[in-house]
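*Asks:* Given next are the chains, with one letter for each unit.
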Amino acid sequence: MKQLQSILEKDSFSRTISSIFSILIGLLFGFIILLVSNPTQAVDGFLIILKGGFSTHAKGIGQVLYFATPLILTGLSVGFAFKTGLFNIGAPGQFIMGAFTAVYIGVKWTFLPAPWHWIVALLGATIVGGLWALIPGILKAYLNVHEVIATIMMNYIGMYLANFLVKSYIYDSKKALSMNVADTAVLPKAGLDKIFYNTMGTTKDLSTVNCGIFIAIIIAIIIYIILNKTTFGYELKACGFSQDASKYAGINDKRNLVTSMVISGMLAGLGGGLLYLSGGNGRRIKVVDVLAIEGFNGIPVALLALSNPIGTIFSAIFISYITQGGHYLQTLNFVPEVIDIIIACIIYFSAFSLFFKDYIFRFIKNRVQSMEEKKQERLEDGGEE
Amino acid sequence: MGVLSLIVQQTMLFSIPLLVVALGAVFTERGGVTNIALEGMMIMGAFTSIFFINQMQDKMSGQLLLLIAMLIAIVTGTVFSLFHAYASINLKSDQVISGTALNMFAPAFAIYVARMIQDNGVQQIGFTNTFRIKSVPVLGDIPIIGDLFFKNAYITTYIGLGILVLSVIIIYKTRFGLRLRACGEHPHAADSVGINVYKMRYAGVMISGALAGLGGLIFVVPTSTNFNATVSGYGFLALAVMIFGQWKPIRVFFAALFFGLMKTIASAYSVIPLLAASNIPSDVYKMIPFIATLIVLAFSSKSSEAPKAVAVPYDKGSR
Chain A
1 MKQLQSILEK
11 DSFSRTISSI
21 FSILIGLLFG
31 FIILLVSNPT
41 QAVDGFLIIL
51 KGGFSTHAKG
61 IGQVLYFATP
71 LILTGLSVGF
81 AFKTGLFNIG
91 APGQFIMGAF
101 TAVYIGVKWT
111 FLPAPWHWIV
121 ALLGATIVGG
131 LWALIPGILK
141 AYLNVHEVIA
151 TIMMNYIGMY
161 LANFLVKSYI
171 YDSKKALSMN
181 VADTAVLPKA
191 GLDKIFYNTM
201 GTTKDLSTVN
211 CGIFIAIIIA
221 IIIYIILNKT
231 TFGYELKACG
241 FSQDASKYAG
251 INDKRNLVTS
261 MVISGMLAGL
271 GGGLLYLSGG
281 NGRRIKVVDV
291 LAIEGFNGIP
301 VALLALSNPI
311 GTIFSAIFIS
321 YITQGGHYLQ
331 TLNFVPEVID
341 IIIACIIYFS
351 AFSLFFKDYI
361 FRFIKNRVQS
371 MEEKKQERLE
381 DGGEE
Chain B
1001 MGVLSLIVQQ
1011 TMLFSIPLLV
1021 VALGAVFTER
1031 GGVTNIALEG
1041 MMIMGAFTSI
1051 FFINQMQDKM
1061 SGQLLLLIAM
1071 LIAIVTGTVF
1081 SLFHAYASIN
1091 LKSDQVISGT
1101 ALNMFAPAFA
1111 IYVARMIQDN
1121 GVQQIGFTNT
1131 FRIKSVPVLG
1141 DIPIIGDLFF
1151 KNAYITTYIG
1161 LGILVLSVII
1171 IYKTRFGLRL
1181 RACGEHPHAA
1191 DSVGINVYKM
1201 RYAGVMISGA
1211 LAGLGGLIFV
1221 VPTSTNFNAT
1231 VSGYGFLALA
1241 VMIFGQWKPI
1251 RVFFAALFFG
1261 LMKTIASAYS
1271 VIPLLAASNI
1281 PSDVYKMIPF
1291 IATLIVLAFS
1301 SKSSEAPKAV
1311 AVPYDKGSR
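So the protein sequences, as listed, match chains A and B. Counting along the first sequence from 1, when you hit position 135 you're at 135 in our numbering, and nothing is skipped either side. Counting along the second sequence from 1, when you hit position 161 you're at 1161 in our numbering, and nothing is skipped either side.
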């Protein structure tokens, strides 16, 4: 019993349980939606979602990793803000501004040699993402504007600005997309092209995955170290717990708040760079009046990982995995938006997963306590005799 | 005169949905629950009611059809808001996260259902606009004022203004309004004098859902000929309008007019001679309402009069 209690008291355990619980309910809800809309094919459709990226073998898994890369970064962005007491719903804006910067540098700054070109492009994306978060950070710290409202406004401004900038400077009007970046700005494959491909006759059908996934994982580890092993990270987290208490302890709370927001924005901006510097068969920026979905999906990624940077890697891969499954759903005439519905359900349930966690924890604790009390009573009774 | 009356008419079309939704936000926040899912509730309200119009427009038209559609939008918004109420009141979850989930759910749901049930498999739901009132009888004949306010109008404009009057009365002159405000300021004190905080908060969230659903419909009807699973950030703008209006209905009305004007400039710049000649691209104009919001918030948030207990789940046991 003691052992069970010690396992349950471990935060990470009960948190993982509550995340898995949210995922299961979300998937169940998705299945019900499939069942209602087309009962005969619902089971097949659901299996396609579960099979996710595996439906197209090695290349499919590569694609899962490719689309997981920006999600890891936006997930880290939202999660980092959560840890420091902020809700950064502005990842879509920071993401798209970073993406534009990376592609702009990738197309225009061809004077840079091979490795430096993509490195500078990524740095540019990171910096612009940070700047995009600097504005709401300052507004929050010094003018008391709630960061949720401010970052939402910055999302729309960023979306329209990026559309305008893409159309003005790097537009491929034939395809209505941004131009291809120069070869020197494409992220290297780092050997991944030798694993993730399908053979089509004599040619290799390569996956788009590249060294971006490694960069994302390294960044996740760095963020983990900053948050958990450094004084700097501790101060940022302290401000998140209680601004007044940290002020009293001599921490510059306003500067820390702005710093947290900027770091969060930098992560989202880098995510935009990593997704779009991917060469011929990779993504290019679409000029549409829709907020970047990779940014919004950072929220479920962070929530499922409970803002843990290492957990973010896995939850990003999971979200990317079922999103890929959603694309294959179209072969059965289902609409891929069912995946967004599932993700929304997962967020909804993870919003009160802490409630379940506390409930289960309290229930078991009470049981254990009452047993121990009985034991104690018996001992005391014995002592009196 | 032509341009001026056009601007006034357009401003009303943009302001009234903002006003209605922002008033909804006032009710929920005054009760102590923050609701960033207004955007999603607008989408759900617009979705069901416009689908209704789409299906019924062969059989009926004009104001009766619009009024029934408005009822449907209100019911949809109310039902959808129950999800937010349950999560944030009963389960004491993070209200922003619950709202985010509903905001993601609504457009995905609208697209999914539209593509599944429409024969052509597209996500847009088209409708024919038979609701414009060319000129209100009698009132439309008044010189100047008639041109500005009673021509090319929609019945929704007057209903929106009616809701404003009703909101002022309910919030300031009724027992319900006083109790609602008490729950947003100091729920424990309210509870101690026998007010059911949970019930009051439910009422606040449901009113916001009803008004947001309605707002979704009256945003889409005059400005478009189809519904494409979006209300272009209006739910979020409504939240900003509420903050700018300092949680007070009359001030919210003026804030909504201001944003409506901004939005009008953003969408009708091509008919305003001075702006049309300046050759500024349309994307820049589209940014204007959002930039204006940020600037206005920067100046009006410092001395915020937000309800004290907003976004804090009410727990009877805590002190």
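Source of the hints: derived by calculation from the structure; they are not laboratory data. In this text the structure is predicted, and so the values were computed from the model without any measurement. Virtual Cβ for every residue (Gly too), placed ideally from N, Cα, C. Watch out, some of these pointers could steer you wrong.
[What the hints assert, rightly or not] In silico lysine-lysine, DSS-like type, Cα no more than 30 Å apart, as pairs:
1. B/LYS1092 x A/LYS254
2. B/LYS1134 x A/LYS237
3. A/LYS365 x B/LYS1308
[Unchecked claim] Restraint-style ranges between C-beta atoms, simulated for each label pair:
4. A/ALA190 x B/MET1056: 22 to 28 Å
5. A/ILE364 x B/HIS1188: 36 to 42 Å
6. A/GLY280 x B/THR1128: 42 to 48 Å
7. B/LEU1178 x A/LEU134: 56 to 62 Å
8. A/ARG362 x B/LEU1166: 40 to 46 Å
9. B/THR1174 x A/ILE32: 56 to 62 Å
10. B/TYR1198 x A/LEU134: 45 to 51 Å
11. A/LYS365 x B/THR1174: 31 to 37 Å
[To be verified] Partial list, computed: chain B residues near chain A (C-beta under 7 Å):
12. TYR1086
13. SER1098
14. MET1104
15. VAL1193
16. ASN1196
17. LYS1199
18. LYS1286
19. VAL1296
20. LEU1297
*Asks:* Take the hints in turn and mark each one as holding or not.
*Replies:* The hints, checked one at a time:
no.: 1; hint: B/LYS1092 x A/LYS254; verdict: holds (29 Å)
no.: 2; hint: B/LYS1134 x A/LYS237; verdict: violated (60 Å)
no.: 3; hint: A/LYS365 x B/LYS1308; verdict: violated (34 Å)
no.: 4; hint: A/ALA190 x B/MET1056: 22 to 28 Å; verdict: violated (59 Å)
no.: 5; hint: A/ILE364 x B/HIS1188: 36 to 42 Å; verdict: violated (30 Å)
no.: 6; hint: A/GLY280 x B/THR1128: 42 to 48 Å; verdict: holds (45 Å)
no.: 7; hint: B/LEU1178 x A/LEU134: 56 to 62 Å; verdict: violated (43 Å)
no.: 8; hint: A/ARG362 x B/LEU1166: 40 to 46 Å; verdict: holds (44 Å)
no.: 9; hint: B/THR1174 x A/ILE32: 56 to 62 Å; verdict: violated (41 Å)
no.: 10; hint: B/TYR1198 x A/LEU134: 45 to 51 Å; verdict: violated (41 Å)
no.: 11; hint: A/LYS365 x B/THR1174: 31 to 37 Å; verdict: violated (45 Å)
no.: 12; hint: TYR1086; verdict: violated (9 Å)
no.: 13; hint: SER1098; verdict: holds (4 Å)
no.: 14; hint: MET1104; verdict: holds (4 Å)
no.: 15; hint: VAL1193; verdict: violated (28 Å)
no.: 16; hint: ASN1196; verdict: violated (21 Å)
no.: 17; hint: LYS1199; verdict: violated (20 Å)
no.: 18; hint: LYS1286; verdict: holds (5 Å)
no.: 19; hint: VAL1296; verdict: violated (10 Å)
no.: 20; hint: LEU1297; verdict: holds (5 Å)
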